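**Q** Chains A and B are the protein sequences, given in the same order.
Heads up, the first sequence is in the working numbering, so the first residue is 2 and it goes up one at a time.
Heads up, the second sequence is in the working numbering, so the first residue is 3 and it goes up one at a time.
If you're looking for bench data, these hints aren't it; they were derived computationally from the structure.
Given the structure is predicted, the values throughout are model-derived calculations rather than measurements.
Heads up, the beta-carbon is just placed ideally off N, CA and C, and yes, glycines get one too.
Just to be clear, a hint being listed does not mean it is correct.
[To be verified] Partial list, computed: chain B residues near chain A (C-beta under 8 Å):
1. Asn10
2. Ala16
3. Asn17
4. Val21
5. Val24
6. Leu25
7. Arg29
8. Ile31
9. Gly32
10. Asn35
11. Arg37
12. Ala160
[Unchecked claim] Calculated pairs, EDC-like style, for lysine to aspartate or glutamate (alpha carbon to alpha carbon, straight line, at most 20 Å):
13. B/Lys92 <-> A/Glu33
14. A/Lys177 <-> B/Glu129
15. B/Lys150 <-> B/Glu176
16. B/Lys150 <-> A/Asp106
17. B/Lys92 <-> B/Asp110
18. B/Lys51 <-> B/Asp141
19. B/Lys63 <-> B/Glu129
20. B/Lys150 <-> B/Glu173
21. B/Lys92 <-> A/Asp106
22. B/Lys93 <-> B/Glu183
23. B/Lys93 <-> A/Glu141
24. B/Lys93 <-> A/Asp3
25. A/Lys116 <-> B/Glu36
26. A/Lys116 <-> A/Asp106
27. B/Lys92 <-> B/Glu173
[What the hints assert, rightly or not] Chain A regions said to be covered by chain B (calculated; three or more residues, Cβ under 8 Å):
28. 80 to 91
29. 164 to 176
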Amino acid sequence: MDYAVSFFMMGEVARLTVAVIFTLAAGHAMREWAAFGGIVEQYRVAPRWMAMIFARILPLLELTAAAALVMPVTSHAGAALGLCLMAMFTGSITVNLARGRVSIDCGCGGASGQKLSVGLVLRNLVIMAGLALALDAPIEGMVDGATMIGVIGASLALVALYFTANQLMTNFQMFKA
Amino acid sequence: MTALAMSNVLLWIANIALVVTVLALARQIGVLNERVTPVGALTMDHGPKVGEIAPAFTLPKLSGGEIAIGAATGRSQLLFFLSPTCPVCKKLLPILRSLSQHERATVDVVLASDGEFEKHSRFYQREKLSPFPYVLSTDLGMAFRISKLPYAVVIGPAGLISAKGLVNNREQIESLLIAQEMGVASLQDYRAKARKR
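Chain B on its own, in the form it takes in the complex (with noise of 0.2 Å):
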């Protein structure tokens, strides 16, 4: 009885562990996944390029007024294309929120999106975005070609577009600005000239 007793918890033992070890496997695949995937802010191949003159917008705000969009202001504009429905652009705008305190000297945060304009407006105050101008318009969404949201670009002083991309983290919104300041347009892009050199 005590030898079976025995195996049995040895058994045991062996089978967590093993169970464990397939657990940890899974986890390394998976992990192994991520890091394929870029780390900074994808840009995807649509649109205007990195470099190029902005497309030149005057649109309202939400609030009322206007807003000049990709005019050569002498201060950086990051537009920031969201959805009411989309969790990942609300996970982002406390993000923003303290992104556009920090960076208030040089850049402007934008929100952009489109469709009806009852439906943003109740997201506007639910979500307190008063501090940030917000405009709605499809055309804006076509110039740039944005197709997956939370999308955000960076528009120089110039009005010269310096950084755009896919972004779902502050790391990735904040590289879109360090990638101004170093005169990049993407990640991927320094990572392909270090390549080279």
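Pulled out of the complex, with its shape left as it was, chain A reads as follows (with noise of 0.2 Å):
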């Protein structure tokens, strides 16, 4: 197997993954946009209007990133807006974890009761370098049987992961607790 063949069946893969991981971000986001403005404001990074409004547009952008995603001709521009909103999370994380508020909602699925910790930014690192191979990776080539259940099964498994990671550490938050 070629050097192009792997880098397209990766990029793929991290699209696809993000796509959906953004998708149900914003499902949950909007399902309870009530308790997810509270949340916005409290990482104090903007005034409260600015929180408000950002909790409002936050979900759909998401969703726009996701759609331009799935597509192969918009797939670079939705992998830099993806870039774009995991690096402001995860700045606002960092900011919040620097100073000493780690007890607030991460808002990750909502109200997911999920704190902030290291394991989270760690983990928005993980999605941002898959989105940067996405960036990058060419977006045709060969798409045959072997491709699709390659990179079908391997997002499905990836998104299984991410559901674990964010359970495990909402576990260990109680165990500390």
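Take each chain as given, in its own frame, and dock them per the hints.
**A** Next up, the structure:
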């Protein structure tokens, strides 16, 4: 298997996985938008009125990024938007970790109850690495049955792993409490 | 080649099944953790006890006028301690609204906090809290030893504390009112009594 093909496949896996994660996160935030506004505000990185507007726009931006990532033609733009969003989230988390405000809700899955932690920053860095890969990967490659199976299988497994990581981090915080 | 492709497919299926199994196990641990935390409002052992006479206050309301707290008025009072910066408190406001409507024949809901007048005044207007009396008093919070928010105290018609606890959802606020109706201090108390019988 040559380099180009494997690069193409990894890009496909990355964009599909992140698209699913963004869509699910946006769904959570929209379902519990009242609590989500409060969560964004608690990050204390923007004035209240901005946080409120931002809490409404954020899910839409995530959905836009997800939709763009899924289509091959717009996938590079989607990856760029996703990278910006992730950089913003990770920056806000890091700022609050530095401030010592670790007990605020991270808002990762709506009002999930997951608190801030270094693990969260690492998780986001992994997602950002995936997006960087999608940003750089070729958008056209040979799509045959085996590639399809590999891409879909790996994406599904990674999405499930993402939720496992979140759950384990939440559990760990409960044990510490 | 077909054997190789087939084995690839099988491996993916096995891989995903395993990850999903790990996820389910992690979720179960999380659920178990939530189960062991109290389902009712958590009563912390501080301040005046249930059954004792509530400390009496007469405090100015944010909207003007005064309100008596802890007096034997013949009606029950639900004191809800909150802060404009606590998201869970905000989540509970609509619930309090519907609850006070529902229980208005017997229960008065009073919101209590402390801090700068301007900040609370803005909060009061923004969240449209005019149906509730809103008082600012550090002494009130001290008297009930409030250390965590949102906290609720139910004072009975005779001025006795009938239930209190940390509340995070509708069920927990309701549990305080039900505790009052049933004459038990808290869900923990009810469970302890039930276990003894």
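**Q** Decide, hint by hint, whether the structure agrees.
**A** Consistency of the hints with the structure:
no. : hint                  : result
1   : Asn10                 : holds, 6 Å
2   : Ala16                 : violated, 10 Å
3   : Asn17                 : holds, 5 Å
4   : Val21                 : holds, 4 Å
5   : Val24                 : holds, 5 Å
6   : Leu25                 : holds, 4 Å
7   : Arg29                 : holds, 6 Å
8   : Ile31                 : holds, 5 Å
9   : Gly32                 : holds, 5 Å
10  : Asn35                 : holds, 4 Å
11  : Arg37                 : violated, 11 Å
12  : Ala160                : violated, 37 Å
13  : B/Lys92 <-> A/Glu33   : holds, 13 Å
14  : A/Lys177 <-> B/Glu129 : violated, 35 Å
15  : B/Lys150 <-> B/Glu176 : holds, 19 Å
16  : B/Lys150 <-> A/Asp106 : holds, 16 Å
17  : B/Lys92 <-> B/Asp110  : holds, 19 Å
18  : B/Lys51 <-> B/Asp141  : holds, 17 Å
19  : B/Lys63 <-> B/Glu129  : holds, 16 Å
20  : B/Lys150 <-> B/Glu173 : holds, 18 Å
21  : B/Lys92 <-> A/Asp106  : holds, 14 Å
22  : B/Lys93 <-> B/Glu183  : violated, 25 Å
23  : B/Lys93 <-> A/Glu141  : violated, 48 Å
24  : B/Lys93 <-> A/Asp3    : violated, 55 Å
25  : A/Lys116 <-> B/Glu36  : holds, 15 Å
26  : A/Lys116 <-> A/Asp106 : holds, 5 Å
27  : B/Lys92 <-> B/Glu173  : holds, 16 Å
28  : 80 to 91              : violated (count 0)
29  : 164 to 176            : holds (count 8)
The structure fails to meet hints 2, 11, 12, 14, 22, 23, 24, 28 from the earlier list, while all remaining hints are met.
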